[in-house]
Structures are given as C-alpha cells and as structure tokens.
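> Chains as they are written, first to last, in numbering that gives the first Met the number 0: chain A, 0 to 368; chain P, 0 to 368.
Errors might be hidden in some of the hints.
As the list claims (entries may be wrong) - Straight line, CA to CA, 25 angstroms or less: simulated BS3-like cross-link-like pairs of lysine-lysine: (1) P:K159 with A:K363; (2) A:K97 with A:K363; (3) A:K120 with P:K127; (4) A:K120 with P:K178; (5) P:K120 with A:K159; (6) P:K320 with A:K230; (7) P:K342 with P:K320; (8) P:K233 with A:K127; (9) A:K178 with P:K342; (10) A:K159 with P:K171; (11) P:K159 with A:K159; (12) P:K120 with A:K233; (13) A:K127 with P:K171; (14) P:K230 with A:K127; (15) A:K230 with P:K120.
Said to hold, decoys possible - For each label pair, taking beta carbons as the anchor points, the in silico distance ranges come out as: (16) A:P146 with P:E355: 41 to 49 angstroms; (17) P:A179 with A:S268: 45 to 53 angstroms; (18) P:Q121 with A:S268: 52 to 60 angstroms; (19) P:I35 with A:N11: 53 to 61 angstroms; (20) A:T31 with P:P229: 52 to 60 angstroms; (21) A:F41 with P:G232: 52 to 60 angstroms.
For the record, the hints were derived by calculation from the structure and aren't laboratory data. Please read these numbers as outputs of a predicted model, since none were measured by experiment. C-beta atoms are modelled at their ideal positions from N, C-alpha and C, and glycine is treated no differently.
Number of protein chains: 2
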Amino acid sequence: MPSDDFIVTPWNVEGDIDYEKLIKRFGTEKITPELISKIDKFTNESHYMLRRGIFFSHREFNRILDDYQKGKKFFLYTGRGPSGHTHIGHLVPWVFCKWLQDKFGVNIYFQLTDDEKFYAKQDLTLEKTYEFALENALDFIALGFKPENTKIIINTKNIKTLYPIAAQVAKKINFSNTKAVFGFENETNVGMIFYTSLQSAPCFIEDLPVLIPLGVDQDPHFRITRDIAPKIGKPKPALIHNIMIPALSGPGSKMSASSENETIYTTDSPEIVKKKINKYAFSGGQPDIEEHRKKGGNPDIDVSYQYLRIFFEQDDNKLKKIYDDYKSGNLLTGELKSILIDKINEFLKLHQEKREKAREHLDKFLLKD
Amino acid sequence: MPSDDFIVTPWNVEGDIDYEKLIKRFGTEKITPELISKIDKFTNESHYMLRRGIFFSHREFNRILDDYQKGKKFFLYTGRGPSGHTHIGHLVPWVFCKWLQDKFGVNIYFQLTDDEKFYAKQDLTLEKTYEFALENALDFIALGFKPENTKIIINTKNIKTLYPIAAQVAKKINFSNTKAVFGFENETNVGMIFYTSLQSAPCFIEDLPVLIPLGVDQDPHFRITRDIAPKIGKPKPALIHNIMIPALSGPGSKMSASSENETIYTTDSPEIVKKKINKYAFSGGQPDIEEHRKKGGNPDIDVSYQYLRIFFEQDDNKLKKIYDDYKSGNLLTGELKSILIDKINEFLKLHQEKREKAREHLDKFLLKD
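Working from the sequences, and respecting the hints, build out all of it.
Set out below in structure tokens:
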C-alpha cells in the first residue's frame with residue numbers, strides 16, 4: 000500500500016481515506032447539495048448527517064425518491080457484524096435509518112451476521128457471535144425502533160428465510176467475482192466465499208425496492224448484488240454510505256469493536272468513557288497550553304471534535320462555536336474532551352436504560368421464519 | 000481423458016470404471032471376504048450386495064463394527080440429489096441401508112439435496128428440485144422405513160438444523176481444497192463451492208459415529224469431511240461404497256435421472272418398462288440367434304443380466320443358472336430381457352402401491368428443526 004493510499008473492504012480498512020477518491024474507485028455518486036434539497040422536500044427537515052457529509056455517497060438514492068414521489072414505497076435494510084459489543088460508531092447509520100423510517104413510514108430489516116464474523120475471525124465461535132448478536136440487537140432497539148415495522152434478522156436463526164434467496168444469488172456469483180470484489184484467495188474458507196449471498200438476501204425479502212444506509216466499507220457486497228439483481232428479476236438495491244467513524248487513536252483508523260482502548264462501547268460506564276477519551280482520544284491540539292493559546296488547535300484531525308461533529312453535537316451553531324474556539328486556541332484540548340465526555344455520558348445514561356428495557360421486548364423484534 | 004481411463008466425481012461419471020483402480024485412486028479399502036464374514040456375524044445372514052461386490056469398497060467400516068461390538072452404537076446416513084424422478088439404480092444403497100438398519104437397530108437420516116441440484120443444473124429452479132425431493136422421499140419411504148428411526152432432511156427445509164453444523168465445516172475448507180477434490184474452477188458458482196459443507200452436516204447431527212452407504216461417486220465429499228472431523232472434535236464418518244449402476248446403454252455409463260431413455264424410473268408403467276428394456280438395454284448377445292446359440296452371450300457386459308445381478312434376482316442359484324444359460328447360448332437376449340422385464344414390473348407394481356401410501360405418511364418422516 001503506497002503511503003498516500005488506503006484500503007476499504009468489508010473486512011479491512013486501512014490508511015487515511017480520501018472519500019473523493021473512494022467515490023471514484025467504488026463508482027458511487029457523491030451526495031450533492033441538490034440531492035440533499037430533494038431529500039429535504041420529503042422530510043421537511045434537514046439531517047445533520049447529510050449536511051455535514053457523514054453520509055457522503057450513494058447509489059440510486061435518486062431513483063428511490065422519484066419512485067416514492069410516484070407512490071411506490073421502498074424498505075430499509077442495514078446490519079451489523081456481531082464480533083463484539085456495539086460501539087458508538089455503529090450507531091451512526093442506525094440513527095439515520097430511524098430518521099428515514101420515521102420520515103418515509105417504511106419497514107426496516109436489521110441483519111446480524113453472526114455467521115460472517117464466525118467465518119472471518121479465527122478465535123470466534125458461533126455461540127459467541129450469536130451472543131454478541133443478541134447484545135447488539137438491544138442497542139438497535141434502544142434507538143426507538145418499533146416492532147410493528149422493524150424486523151431483526153440473525154443469520155443462523157433466520158437461515159430458513161435467507162437461504163433460498165441467497166441460493167438464487169449464489170448461483171450467479173463465481174469465485175472469480177469474489178476474488179475481484181473482495182480480494183479473496185485460494186486459501187479463503189468456503190464459508191466466507193459463500194457468505195456475500197447471505198448479505199444480499201435481505202435485499203429481496205420484500206417485493207419492493209430497498210434502500211440500504213451503511214458504512215461505505217460494506218459497499219462491495221452490494222456491488223455484487225446490484226450486478227445480479229436484474230439476472231434474478233429483482234430491482235437493484237439503492238445505497239447511501241456513511242464515512243468510517245475514526246477510532247480514538249485518530250484519522251486513518253476505523254473504530255473497531257475488537258480493539259478495546261480504541262473504542263467507546265455503548266456499555267461503558269461514565270468513568271471508563273472519561274478515562275478512554277482523556278487518555279486515548281487523538282488530539283489536534285498543541286503540545287502545551289501556551290502554544291495552544293497562541294497557534295490554536297486543529298479540529299479537523301481532533302477525534303473529540305470529530306465525534307461531536309459526527310454524532311454528539313447536533314446543533315450546528317454550538318458545533319461551529321466549538322470549532323472556532325478550538326481553532327483559535329480559546330478552547331483547550333482538555334476542555335474540548337470534557338465537552339465530549341459530558342455529551343457521551345449524557346447520551347449513554349439514557350441509552351443504557353433503554354437498552355436494558357429492550358431486553359424485555361427483544362423477542363417481538365426477531366424475525367419469525 | 001485417456002481411452003482406458005475414467006472420471007468419477009459427484010457431478011460427472013465417465014468411462015468404463017475400473018473399480019480396483021478407483022479404490023487406489025480414492026484411497027479406500029476393498030471389501031474383503033474377511034470383512035464380509037465379520038459383518039455376517041452381526042447380521043446372521045449374508046447380503047447379496049456384499050457377496051456380489053455391489054458394495055465393493057469402504058472406509059473404516061471395521062471401526063464401526065468393532066465399536067458396535069463394544070456396545071457403541073452408530074447411525075446411518077445416505078441421500079439423493081433430487082434432479083428428477085427416482086430411478087431403480089437409486090434404490091440400491093437405500094435397500095442396503097434398510098437391511099443395515101434392521102440388523103443393527105440404528106437411526107437413519109436421508110438427505111435430499113435440493114439446493115445442490117439447483118446450483119449444479121442451469122435449468123433447474125429451487126421449486127422444481129424441492130418438488131422432486133418430495134417425490135424421491137416417497138420412494139425411500141416405500142422401501143419400508145419407519146418414522147420412529149428414520150428422518151428425511153430436505154436441505155432448504157431443514158437448513159436451520161444444517162447450517163450451523165455446515166458453518167463449522169466450511170470454516171475449515173478453503174477454495175484450494177474444493178479445487179483439488181472436486182476440480183472446481185474460478186468460474187464455479189459460490190453455491191457449489193460452499194455446498195459440500197451441507198453434505199457434511201448430517202455426519203454430525205447425532206453425537207455418535209456415522210456409517211454412510213452411498214454410490215462411490217459421492218466419496219469425495221466425505222474425504223473432505225473425514226479430514227475436517229478431528230479439527231472440529233468429531234468422529235470421522237465411515238463409508239461403504241456401491242458401484243455405479245449402469246444406464247440402459249451399457250457399461251461405461253451411469254444411470255442418470257436426466258436422460259429419459261437411459262433410465263427406468265420407479266414411476267414407469269409396465270408397458271414403458273417393457274419398451275425401454277427391449278429397445279434400449281445394451282445386450283451382450285450375438286447379432287443373430289444362430290450365432291448366439293453357437294457362441295453364447297456375454298452376461299458381464301449385458302445390462303439386463305447386470306440389473307438382475309445388482310437388484311432384481313436375489314437368489315444366487317437362479318442368477319447362476321441365468322448366467323450359465325446366457326453364456327452357453329441356451330438363453331436368448333429376448334428371453335433374458337423378458338425375465339428382467341417381469342422382475343422389474345413385479346417389483347414396481349408393489350413399489351408403486353407403497354409409494355402412493357407413503358404420501359399420507361410423508362410428514363411423519365420429515366425432520367422437524
């Protein structure tokens with residue numbers, strides 16, 4: 000990998016991602032101000048994740064909107080690979096899904112790919128990934144989804160529904176395709192090779208077009224699905240992509256559930272959050288206070304600022320003030336971190352309550368085959 | 000393929016199979032008179048399929064018998080790829096299974112691989128293979144199996160039971176393994192590549208060792224399973240292999256459900272059977288009666304004689320008389336065919352009655368996940 004380059008695949012994200020370049024590489028479309036205005040007409044409000052470029056790219060979101068205007072509904076689908084507890088980065092597309100669901104009044108399917116993580120991680124058992132799947136489901140439910148229009152799919156649990164659909168897809172994908180799209184090798188296990196068909200399956204679970212909000216690293220799966228959809232007489236899935244949420248250690252890293260100190264889990268206590276942010280959150284500030292006051296900090300690379308921008312400060316004016324104050328040197332790194340810590344802990348206090356309540360209702364959300 | 004050579008894989012059987020060579024090529028063990036005597040001690044009778052070399056090869060059948068003697072049970076597993084109606088060649092291992100089940104008092108699982116045939120055949124839909132699966136199940140049940148100790152697995156129907164087991168296997172198989180064992184290529188679809196894991200799954204459905212009676216063309220699947228079993232803490236499956244049942248057109252062909260005139264289906268009427276045998280059954284006789292009377296026929300390549308030997312004449316003395324009479328020229332080809340036609344139609348009359356009765360009881364046999 001050249002030093003100015005980056006890798007984005009469903010199982011590996013490396014380097015400092017240039018999202019303009021990634022759009023070209025993946026062949027997706029940029030979310031333009033025009034598209035955002037078009038969305039706003041349906042939703043009657045603008046979402047900060049669109050305004051701020053957290054969702055930055057798409058495939059045929061236009062078509063979904065045009066069809067919707069003509070009275071044709073769609074459904075939403077997103078998911079999570081349950082390799083560990085949920086971290087705050089995972090919530091980004093889920094929160095956006097909830098907003099879309101409320102605004103458009105559509106069903107959503109949430110897929111927990113316990114089999115995928117079992118295939119991908121040497122040390123994970125299927126029992127463990129299933130356990131994580133159930134825990135992750137609680138975080139999803141805690142965001143306010145309702146069982147009437149929300150179904151949670153766990154791959155091993157719902158395989159009876161998924162497999163016949165996946166088989167239609169699998170018959171149209173060959174090993175060469177998976178080599179080209181995922182970089183698979185002769186040593187890749189056959190579970191992984193087949194797996195993409197199962198991630199495609201929920202695209203065709205309703206007889207309607209689907210819109211998939213998701214991290215851009217998952218796009219390759221649906222590039223395959225989009226190629227195959229017409230061959231099996233189905234509409235191509237439309238996608239809307241969010242950026243990778245940086246790990247605490249800063250830009251050029253993806254927040255991953257597997258590296259404990261790099262990650263804020265939704266189950267972390269206020270003390271843990273405080274400690275992790277203060278100790279590990281990459282700072283855009285200067286080495287000492289004097290220099291910081293003089294030269295100012297760099298919010299664009301500061302992880303605490305980025306977390307506020309991506310998720311925790313939804314008020315544009317407040318965010319701008321933090322940006323300006325940090326850049327001018329008025330706001331010190333410790334103060335910025337303190338703002339973020341309070342915001343996270345305020346969010347997690349409520350979230351953790353809702354998460355515990357979700358345990359009682361989990362079963363109502365699980366797809367019945 | 001050199002002219003003296005042959006191919007045996009689960010999806011392709013070509014050429015005149017030299018079973019001695021095949022044993023060496025596959026690395027299996029020959030069924031010796033000693034092993035047959037050992038089996039006879041348990042069963043108190045000798046099975047004509049063993050005596051006549053219809054079952055000719057095995058893997059660790061010895062171990063199953065030794066363990067059984069020490070009081071350790073096993074279970075049986077066999078199956079069928081439902082690409083069409085059942086033909087009489089399919090019944091060979093099933094009839095042998097029934098005998099083993101009765102003699103050893105063990106459970107049997109019968110797998111119908113509707114997904115496999117969908118992946119393997121361009122023109123077959125999953126709906127069609129499922130329909131054939133249900134039809135094939137009737138033939139199996141008609142052989143006298145009882146729902147108390149017999150479970151029929153249909154892959155797409157029972158995928159919830161199979162998939163978590165298959166996943167354990169799939170994680171340990173890579174694409175190179177499937178290339179080496181099945182000759183898969185980069186153009187092979189990912190359903191086929193994954194599929195062998197699903198054929199392995201029933202080997203581990205009970206916490207006991209398994210014995211699999213099956214056509215030798217299916218051996219490659221279980222070579223993989225046997226490699227993997229210790230890696231997932233399970234006993235290696237033991238196998239007992241039958242020869243390929245020749246098509247009507249004669250040696251060097253396998254009776255296949257897809258070529259209509261090459262095949263006697265269990266659903267064929269007496270007239271159809273008569274017509275097919277008279278018209279298509281490859282003859283070891285001489286061009287005309289005079290020459291036949293003088294030189295005699297060759298029962299070893301005569302399909303009608305082979306069908307009697309393999310399935311329809313279980314009395315060794317009667318079979319020997321037919322052999323000798325045909326070889327000496329006493330028995331004409333038309334007379335030999337007539338003996339076979341009567342035997343087949345006698346069998347099918349009863350079989351078709353039992354097959355129709357089986358419809359009412361089918362549900363009791365289907366595995367409940």
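> Which of the listed hints are not met by the structure?
Of the numbered hints given earlier, those the structure breaks are 3, 6 and 9, listed in rising order.
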